[in-house]
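Peer 1: These are the residues of each chain, in order.
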Amino acid sequence: MNTAAERKHTFFANTVADEQEYVSKTIYNVDHFNLWYGDDQALYDVTLAIPENQVTAIIGPSGCGKSTFIKSLNRMVELVPSVKMNGSISYAGQDIFSSGYKVEQLRTDVGMVFQNPNPFPKSIYENVAYGPKIHGIRKKKVLDEIVEKSLKGAALWDEVKDRLQENASGLSGGQQQRLCIARCLAIEPDVILMDEPTSALDPIATAKVEELVQSLKKDYSIVIVTHNMQQAARISDKTAFFLNGEVVEFEHTDKLFSNPEDRRTEDYITGRFG
Amino acid sequence: MNLVDKQTVQSSMTKRLVKNRLANSLFFLAAAFGIVVLAILLYRIYSEGMGYLDWNFLTSFASRFPEEAGIKAAIVGSLWLMAVTAPVSLLLGVGTAIYLEEYAKENKVTRFIRMNISNLAGVPSVVFGLLGLTVFVRLMEMGRSIMAGGLTMSLLILPIIVVSSQEAIRAIPKEQYEASFAMGATRWQTVLRVVLPAAIPGILTGGILALSRAIGETAPLLMIGALSFIAYLPENVWSGFTVLPIQIFNWTGRPQEEFHLVASSGIIVLLIVLLLMNSIAVLIRNKFSK
Chain Y
0 MNTAAERKHT FFANTVADEQ EYVSKTIYNV DHFNLWYGDD QALYDVTLAI
50 PENQVTAIIG PSGCGKSTFI KSLNRMVELV PSVKMNGSIS YAGQDIFSSG
100 YKVEQLRTDV GMVFQNPNPF PKSIYENVAY GPKIHGIRKK KVLDEIVEKS
150 LKGAALWDEV KDRLQENASG LSGGQQQRLC IARCLAIEPD VILMDEPTSA
200 LDPIATAKVE ELVQSLKKDY SIVIVTHNMQ QAARISDKTA FFLNGEVVEF
250 EHTDKLFSNP EDRRTEDYIT GRFG
Chain G
0 MNLVDKQTVQ SSMTKRLVKN RLANSLFFLA AAFGIVVLAI LLYRIYSEGM
50 GYLDWNFLTS FASRFPEEAG IKAAIVGSLW LMAVTAPVSL LLGVGTAIYL
100 EEYAKENKVT RFIRMNISNL AGVPSVVFGL LGLTVFVRLM EMGRSIMAGG
150 LTMSLLILPI IVVSSQEAIR AIPKEQYEAS FAMGATRWQT VLRVVLPAAI
200 PGILTGGILA LSRAIGETAP LLMIGALSFI AYLPENVWSG FTVLPIQIFN
250 WTGRPQEEFH LVASSGIIVL LIVLLLMNSI AVLIRNKFSK
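The listed protein sequences derive, respectively, from chains Y and G.
Take the first sequence: its letter number 11 is residue 10 in numbering that gives the first Met the number 0, and every next letter is one higher.
Take the second sequence: its letter number 276 is residue 275 in numbering that gives the first Met the number 0, and every next letter is one higher.
Check before you lean on any hint, since a few could be wrong.
[Unchecked claim] As a list, the in silico DSS-like pairs of lysine-lysine whose alpha-carbon atoms are at most 27 Å apart:
#, chain 1, residue 1, chain 2, residue 2
1, Y, 101, Y, 83
2, Y, 83, G, 286
3, Y, 217, Y, 24
4, Y, 148, Y, 83
5, Y, 132, Y, 148
6, Y, 101, G, 173
7, Y, 217, Y, 151
8, G, 173, Y, 83
9, Y, 160, Y, 138
10, Y, 83, G, 107
11, Y, 132, Y, 101
12, Y, 101, G, 104
13, Y, 148, Y, 217
14, G, 107, G, 5
15, Y, 121, Y, 138
16, Y, 101, Y, 138
17, Y, 132, Y, 160
18, Y, 148, Y, 160
19, Y, 132, G, 173
20, Y, 139, Y, 160
21, Y, 151, Y, 138
22, Y, 217, Y, 160
23, Y, 121, G, 286
24, G, 173, Y, 121
Since the hints were derived computationally from the structure, they do not count as laboratory data.
Throw the hints in and build the complete structure from the sequences for me.
Peer 2: Right under this line is the structure:
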């Protein structure tokens, strides 16, 4: 109860400092980005800057392009054959669509957690060790440490430490999703993209994942897509509201939810549509 | 205001049910026909062939005398043939499937390859024999050897393996790919660590069924000139050879009545080999699908 008020308070108190920090610490810079699936345009002229070490939430009704947008940030959207893009997205100062840019490097620095838990049909250990292994880490001892650290980071260690060799499909949905987060942490990314990570989970599992997001943000920059506005309000520092492929408003979360500038944002967050 | 007339519904009810029962028995008969014919065949083969089927039959070479004739050379020949065909066809087939499903871009070359794999599947096996004779036996000067026969058989079953491997690969959920790529894995790492482990049961099942087709195939080997009467075992892949179906075919062509019974014994051996291979395929499928 208190925290929300406090945060609001801090936000107003530190507006100037925040602005400065915000300018100097942008991790993603999206500039006039357009995207088409075949002939259907999914994103229109998206321009926004994603801050480092904060939680950025992306909200909007179904089909507004928020998943497409987050999948553009690690170029996963390119798995769709008919996709076309223009404009630019730069990560850490480099254009991720420039010809020399290695997409494998980008995805090593930027981890992703998907809407439905998608562990591999392997053991819990192998799931977490997958990332380090493909990046050439072979030493058993190092792998053991990574697995433990990542599982602890995802608040799953205590639940699975005695059955690391069991198949991951035996875990509950919420545990599987935290395993996917652990798998993502195992390659020590700088950014974690989360595409509606709690939409397939029950409220208790959701609360755990949300708590986790809060604790991760001091080490990682997090971008989270959610259709749950309360969730965005609870866990994010900044929120972007997408509608029909456009960014309607991108603001500090407290401001966006308490005092939206755009009429459409207000209609959406007050539940008048969507 | 009832648009549905209860009277009509009632009067057509019996007719509909009778039609349904009729269809039921019709389809049962269709299914039973094949089984009955197979049962008759099995019974005849069994009653004719059991007389000659003993340990001697399995461990003797071919002979002019039916009571001394054995199938040893043919069994060993078939095994040698499989030893060439299995690795060649699996490597080429799975490789083709991985290329088509994972790497190939949708363009003219890909469409050309796809079309030709379907064409290959439609080519009669005799034509494969001709192909083997022209390319392997003559052009590449392999002679009438196990190598030439094995390569010809590989080509024959290649399309089956390609198609079944493609299906096994396509059955892997898209989420598995996403999980792997999102961690910075390359296409090859994803194939090696995610796709192949998940697809192997399907690939092996298809592969073994294809191999059991190859082990029963006669025509292509007759074309390339596999021997039908040999009294020695092949020493290496360049030796001449015979295989089970050719040996059987040869026996049925003999004038003496007794050799027809010997042929039945040979058929029993061939059927047992085929049954064994199919059971292995089923076992693999069950083991991995758990």
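Peer 1: Mind listing which of the numbered hints don't hold for this structure, in increasing order?
Peer 2: When the structure is compared with the hints, numbers 2, 4, 14 turn out to be violated.
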